[in-house]
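Engineer: Protein chains in written order, with our numbering: chain P, 284 to 783; chain L, 284 to 783.
Honestly, the hints are just simulated from the structure, not real lab data.
Treat the hints with care, since some could be wrong.
No copy is singled out in the list; a pair is fine if it fits within one copy or between any two copies.
As the list claims (entries may be wrong) - The list that follows gives simulated cross-link-like pairs (lysine-lysine, DSS-like), each with its CA atoms no further than 30 Å apart: (1) 672 - 599; (2) 344 - 778; (3) 344 - 728; (4) 772 - 346; (5) 672 - 520; (6) 681 - 599; (7) 633 - 599; (8) 772 - 633; (9) 421 - 772; (10) 467 - 776; (11) 305 - 672; (12) 775 - 672; (13) 778 - 328; (14) 454 - 741; (15) 772 - 441; (16) 681 - 441; (17) 441 - 625; (18) 521 - 308; (19) 776 - 335; (20) 328 - 305; (21) 625 - 728.
Since the structure is predicted, the reported quantities are computational estimates derived from the model, not experimental observations.
Protein chains: 2
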Amino acid sequence: MGNPTVDETNTSKTTESLFTNKDPKLAELFPEELIGWHGYVEWDKYPERCQKAHEILTTYKSKFTHIPEFQFEPLPATNPILIGHRWKEYHAVLGPYLKDIPAESWAIVQREKAADMIHVLDFPYNGEPPRNKLMQNKMTPNEYHFVRNHGGIPTIDKTAFTLTIGGLVNKPQILTLADLQDPKKFEPVEVTVTLQCSGTRRIEQIHEYPGEGDELINAPWGEGAIGTARYRGVSLKKVLNVPRRKVEALNEVLLVWEMNGEPLPAIHGAPLRVVVTGFIGARSCKWVLRVNVLNEPSRGPVQQQEYLYYGPQIGKQNALFSNGFSIQEMPVGSAIMTPNDKQVVVHQGKIEMTGWAYSGGGRWIERVDVSADGGHTWLQCDPDDMTEKHYHAWRLWKITLPVLAEGWLELVVRAFDNACNTQPTYVRSVWNWDLHVTSSAHRIKIYSVNASNPATAKRLRQIEENGDSLEPITRPLMFRIESEEHYDKNVKKHKREPEE
Amino acid sequence: MGNPTVDETNTSKTTESLFTNKDPKLAELFPEELIGWHGYVEWDKYPERCQKAHEILTTYKSKFTHIPEFQFEPLPATNPILIGHRWKEYHAVLGPYLKDIPAESWAIVQREKAADMIHVLDFPYNGEPPRNKLMQNKMTPNEYHFVRNHGGIPTIDKTAFTLTIGGLVNKPQILTLADLQDPKKFEPVEVTVTLQCSGTRRIEQIHEYPGEGDELINAPWGEGAIGTARYRGVSLKKVLNVPRRKVEALNEVLLVWEMNGEPLPAIHGAPLRVVVTGFIGARSCKWVLRVNVLNEPSRGPVQQQEYLYYGPQIGKQNALFSNGFSIQEMPVGSAIMTPNDKQVVVHQGKIEMTGWAYSGGGRWIERVDVSADGGHTWLQCDPDDMTEKHYHAWRLWKITLPVLAEGWLELVVRAFDNACNTQPTYVRSVWNWDLHVTSSAHRIKIYSVNASNPATAKRLRQIEENGDSLEPITRPLMFRIESEEHYDKNVKKHKREPEE
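Just chain P, with the same shape it has in the complex (with noise of 0.2 Å):
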């Protein structure tokens, strides 16, 4: 995916004049009842306010703008590349205080991340970084970190803020920050983890066969939708005082306040999220308002009916929520970040390759093998040129690769992990109908220039004294490429056409 050009046109404000609800029941309808929250409206609680909202959508349903189609056709060079029109517009239609939220939540993009992120879609707001920032560290400045998101981004005064805890506990409580950060109650843990989408390098899955599109649900992730970063909270287990069979295991449930040395941003989950090491994004839940021990996995929509892996027979005919498994740990996985897709890469027989590669579920990376020859033959990486290997976290990599080979090349790139496992060879093998987990061996194709060829290196010379340029490769040259006795003297010793 390349870094295409902000384009403000693109945002948010267009939206409201067309979509405003009078209605002066609003308020009251949809209120913001909760203490120091703004931008959140109780639904879990209040069947029928959710009736209620069904029944204004479907008022205005008609008017409602399409959801694009990204998947069929390129998707827009623009940033953001998809807007979310229809989402700012159920918003404003449930209005008053929810109308705001698609302004509100792209002024804390603008305000807390980069401004060279890309913007994948503006609302709910879902961005990753440029791929050369993200191989910069193994930690992800928290800038740069990419942001998935399945609403509004809430505001929370941290000092009215409340956890309350419920279900199935021996002792239901409700605490508040300054509690969980008292380390005379619970130990404070930092731990270093990386957070990946299920839906990262999903455009490899979209280019190869469409599947299902929603804007919203299925972002077209590329290779950016993961990050590092260094996580200061508490155990969950220490907090409930009830060991149980997840939570024994490698992977841990954090309940933190602090990312990379400064307090949480907005973005991502302040003044409270959840950081399940081990687990794909999903379920670490930012805005943290109550946990509540069940004794079956939940049936919310995020854990019921979304990031389900299907096999490749499963979609728009047959899915159910009960015929997909639910996806919790990433597999072994990996990306190339440089050189990019389709670059031409002028080079003395040698090509700098970096990237990253993650395995979820506390395992880590052993190996990471690259290719010149799409997949033929392996260089493994030098383990020192590899950061270091975490329980949570990605190893980035870097290789200098031996590339004779001139034209058109499929470079690729393999991880193994402590357990063996390694990625399945295409991008078919994993296709599924929710485009999740693209885990098989990343490929990119590149157009190789390998200047420490005699001919090769004469010809950029002739390009640079003619004044013209290599790229784009798919522009003829504007100079003869041939004279006419350099011509004469070839097709004479190797003639063009048999002696008899």
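Since the structure of chain P is already known, use the hints to place chain L on it.
Structural biologist: Okay, now just chain L, sitting in the frame of chain P:
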């Protein structure tokens, strides 16, 4: 791998006359000093004993039988397949106690294992069950459980047996079997565990490209070097009373004395063995004598020098112990157990397939896909046709696969575990010098004869009427396959040559 006929002439007795060492000091040099242990000489504590054995073996070096080549040539169609003459000879020249071990081990095989086991290597004994026997139940009967040995089978008097616990423990201790089995001292546990040799399906790597081929180290396993049993014992962490990272995780180190409700057979480690759940079989030591707690990985040869996973550019020319990584957990894997490779399958448009699927490290199988077209389309096994999920055991699966096509077809299986890990597409992706961890999708070739096709049904009747046979498929039919009238009619309708 087929099930070759037993050829008793291949077994061990023959070597004895050729290699005897009459030195009267042998009994003193290599004594059976451990009370209650027969077939065991203590080496670790006596460097001078190792040196002396090395000297004797060097003296005989030129006389020892050559290790047979079995990778560039077809495997013998005998049972045992490989003999291990050289290892028998090592024991013969180090007698008097060791010389009889090969014959005694073979006698234990005869007593404890099923008559139709496939004896991959006579001595040290390595064997796997016939494919169909492994599929009868998710619990493998003891007599059919695969056996992987690196040496002879000791016989140990369980009343004299003690386990010594030392190294980095607070309190070194010596425990009898009665101590371990006393529920007042240690809580007994029972776990269903699949043990898998990391060499399972090695034969596929050999068929692709040979690797390190010593007949002891790298036995040419088929798909049966895996088995599942219920083990009873105690948790090592309870015995040690020092929790460490590995034992905190899902995987447990058990000390067990019972297998499927029976006392542990001698060949499986009686009276006491280790079972490490979620780890490869090699980590589950048999005939355990001492537990020595270390603060770094052991330098014992099996841990330091064997069971290493190398990249594809590592081999005899450059392999080190430290440039491969240590194989601990198996990745997700699977095998087709019926039909057999190269089998002629006569069917009515549907083929029954059975097999197993397993993932190490506490992960379980979520999905099994099979293909009748080499992996272009995949059909998912119905969860009702798969055995239950266990954290540490395989799932057996079966499926009725619709097959229209006739002729040679490639049937394939691949599994997905709960971390969405799946298997790489082809064997070449996982080839490694030591031929471990054949984790690629399992492929077999069958010759499909679809008797629901009228023309095929007619041919099958003709074959019967003519007293001929379909198999072997490679033998031409002994009757005329088409009448003159039929031929004339067809070549009149569809002429052999163009009209003009």
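Engineer: It remains to establish, for every hint, whether it holds in the given structure.
Structural biologist: Here is what the structure says about each hint:
1. 672 - 599: For residue 672 and residue 599, the Cα distance is within 30 Å only across copies (28 Å; inside one copy 41 Å).
2. 344 - 778: neither (72 Å within a copy, 64 Å between copies)
3. 344 - 728: neither (43 Å within a copy, 55 Å between copies)
4. 772 - 346: neither (72 Å within a copy, 68 Å between copies)
5. 672 - 520: Both: 25 Å inside a chain and 26 Å across chains, each within 30 Å.
6. 681 - 599: Close across copies (26 Å), not inside one copy (41 Å); limit 30 Å.
7. 633 - 599: Classified as between: cross-chain Cα gap 27 Å, same-chain 46 Å, threshold 30 Å.
8. 772 - 633: neither (33 Å within a copy, 66 Å between copies)
9. 421 - 772: neither (56 Å within a copy, 75 Å between copies)
10. 467 - 776: neither (89 Å within a copy, 95 Å between copies)
11. 305 - 672: Neither: 57 Å inside a copy, 55 Å across copies.
12. 775 - 672: Neither: 62 Å inside a copy, 74 Å across copies.
13. 778 - 328: Answer is neither; intra-copy 86 Å and inter-copy 79 Å both fail.
14. 454 - 741: For residue 454 and residue 741, the Cα distance exceeds 30 Å both inside one copy (79 Å) and across copies (76 Å).
15. 772 - 441: neither (82 Å within a copy, 90 Å between copies)
16. 681 - 441: neither (41 Å within a copy, 55 Å between copies)
17. 441 - 625: For residue 441 and residue 625, the Cα distance exceeds 30 Å both inside one copy (47 Å) and across copies (69 Å).
18. 521 - 308: Classified as neither: same-chain Cα gap 44 Å, cross-chain 64 Å, threshold 30 Å.
19. 776 - 335: neither (86 Å within a copy, 73 Å between copies)
20. 328 - 305: For residue 328 and residue 305, the Cα distance is within 30 Å only inside one copy (26 Å; across copies 89 Å).
21. 625 - 728: within (5 Å within a copy, 39 Å between copies)
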